[in-house]
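Colleague: Please construct the entire structure, taking both the sequences and the accompanying hints into account.
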Amino acid sequence: MNTQQMPGSQNQSSFAATLRAALVHNAVWPISVLVLILVVNAIVAPAFFSIRIQDGRLFGSMIDVLYRGTAPAMIALGMAVVIGTKGIDLSVGSIVAVVGSVIAWRIKEGDPHLVILFTALAVGIVCGMWNGLLVAVLDIQPIIATLILMVAGRGIGLMVNLIYGGTDPSFESELLQGLSVGNIGLIPTRLILFVVIFAGLWLLLRRTALGLFIESVGGNPAAAQLAGIPSRLIKFSAYTISGFMTGWAGIILTADVHTSDPVKVAMFSELDAILAVVIGGGSLMGGRIYLGMTLLGALVIQTMVTSILMSGMPPEYNLIIKALLVLIILLLQSNNFRAAVIALLGRRK
Amino acid sequence: MAEPTSYRVEMRGVSKTFPGVRALDSVDLHLREGEVHALLGENGAGKSTLIKILTGALERDEGSVLLDGKPVEVHTTAEAQALGISTVYQEVNLIPTLSVTKNLTLGRQPTRYGLISWRKARMMAEERLKRLRLDIDPERPLGYYSVAIQQLVAIARALEDDTRVLVLDEPTASLDAEETELLFQIVRDLKAKGIAVVFITHFIDQVYQIADRISVLRNGRLVGTASTAELPRLKLISLMIGRELEKLGNRPVRAADDTIGAPALEAENLGRKRVMSPFDLTVHAGEVVGLAGLLGSGRTQTAKLIFGAIKPDSGTMKIASKPVGHFSPRGSLQQGLAFCPEDRKADGLIGELTVRENIILSLQAKRGWHHQLSRKDQDRLADDMIKALAIATPDAEKPVGQLSGGNQQKVVLARSLVSQPTALLLDEPTRGIDVGAHAEIVALIRRLCTEGLALLVASSEFDELVAVSDRIAVLRDRNKVAEIAGDEITRENIINAIAHR
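Protein chains in written order, with my numbering: chain W, 489 to 837; chain V, 7 to 507.
Please keep in mind that the hints were generated in silico from the structure rather than gathered at the bench.
All C-beta atoms in this analysis are idealised placements derived from N, C-alpha and C, irrespective of residue type, glycine included.
Don't take every hint at face value.
As the list claims (entries may be wrong) - One side of the interface only, derived from the structure: several residues of chain V facing chain W at Cβ under 7 angstroms: (1) Leu112; (2) Arg336; (3) Pro347; (4) Trp375; (5) Gln378.
Modeller: Printed below as a string of structure tokens:
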């Protein structure tokens, strides 16, 4: 029996080797799922691909994906940095809520709107520093440490709303309006803003040694410590970066609805952000940061959401379909699953 | 000895082979009733394999085991327990967050109407504690008590009414002198009850305090069993270390004394309770100082204290004549000290990062995050090191986790060298690497020294230390006991120093 199987298994191994080589790159699966979604769109709702110019700016579903995806992508990038340290930040949705409430409050107080923009960012950063304090200095497990702000943040938002009576948290602001629906040339302002922030983050991580240090601390904390890396400071800065990125997301999301809605805003955004990181090949075990891949992950999720909305499917199915697609991507990325599939294909031969 | 000895346990001609390794080669171990029998040997001697066979955790390939004269077949630890053979492992495997009662009764909770009766459990626990005359509150969580008490609770858990053999695997490893004495009192009680106690330890002094007889294993063979009184320390240590393959490495021609420069490292009264007794040690520029000692003598602890990886609670340190204010790896590195750890998997490598990233890590840490080394410099440093240390890797961008053990060791060494140290601590630099790489690293150590680097090399291989060192500090039982220099440096003198009281 053994001898009979030998040639077969040899075939299998060379076949498997080629297949494995093709599947090695992390980007393969998210990209193919993205393409799959687009192909389905092309069949079901060809209008998805139409882009037109209206009122001096670009319009269309594809633009909408980018437009809606900006804030979640910013959160996801911050999350990627935190996950790189083997941590997690569950508080991002709540930070958005706090940022939104502070914006509404300061507008009611009549601060100059540019000042408010910086105040809002500072609030995001302070929230991140709080998480960093708990995790890096007090050594609290990240999931618990950030859970505190996750729970408290929306409450803080509601409390801030009460400062000015809590009757009407909505506001008008030209500056924020510009960030939300404004455009520079044909391109939505927020996309330009995003590109600038993404480039800044990339430079910070890859053109200084911060990224290397974060990955070392996440990959092997004991070794990083012995190599002379200030682990606490590095972890602290990772959470601070997450706070900064989420602060921007908070500004954009608040500008979109021009009101402060601490209860509902950015609900489950932490889960989408974690998903984006994981779809992008990041491991919750830490040790690697993939900014580009995380961006791709966020793009996949947003394309999925927008496509489901566009397809005219009953919205009740949205969550299920989203979950299924994510499951498929994760299965494809799973080494065990791939090995099983390869073995199965090999046996068939 | 005239007494016609009926042994409690007789292990006869026990052999065990693992793939590629003969772990035990026809070993005899005889335990008498009511004796404390020390089982000694260096790493890989076969102590734990032998014990695992006795306690049913492993099955022997050959040989026989007799308990009170009757042959027994033990296939599981539960069967061994039932026969009265109990073991307490080195790391207490109890649950610190649970109460002492729960720890003592876990897995054998007394029940009443099918539910656990905590009243009965508590009585059971108190009875077990009483057996050891241990007066503690069984309702407190185990973690509330000191390691010594926890160790005793572990013994209380292992002891049954009918226990005939008790194996203690390094029970004193994390105990201080008083706690050890407490443990020994209990061991003497158990001995008086006729229990045969197997005592595994690396502390030679303790062997002479408590053991009646000693068996020494080396490379899977029993090299001797003798009563403690008849086995002087010197003899014991030479038994443990062995004398075969005694090809003393030719001592290299050393530079004259005047090439040895200013003190690069000065430790004064440096120590930490339970880790290492305070010691003085100086290493000069252009000098190699060896740290010699048996397993568990405190070699790694000494290096880690000097580097600040373990914070000392006494003493002072100077690096290049500048006092160390705040002990930390980062601080030491900034002051020009580098450390190459023994356990490269746990303490050295960051497996997912590339060879290049691993090599430049310490230098980059020294520069700070905002002064990134240019990619060109990184590539140059990595390529230089790959060439200089002959690291076998297709290129510098391979994840370091994929390299072989010896090459990983070289990467960790490269990281220390790249950080431009004035003094370098090497902990077991040749552990787990092949002969060729071994020679390269020994040669490299000498070369670095002639370039004016101060080196402190901790090693369990005395021949290696004799070959490279200008001076050797000898450690025993976490004390620095001697310093040997110049022509005095021989294997015999190291062994003498370890044995000497």
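Colleague: Any of the earlier hints contradicted here, and which numbers?
Modeller: 1
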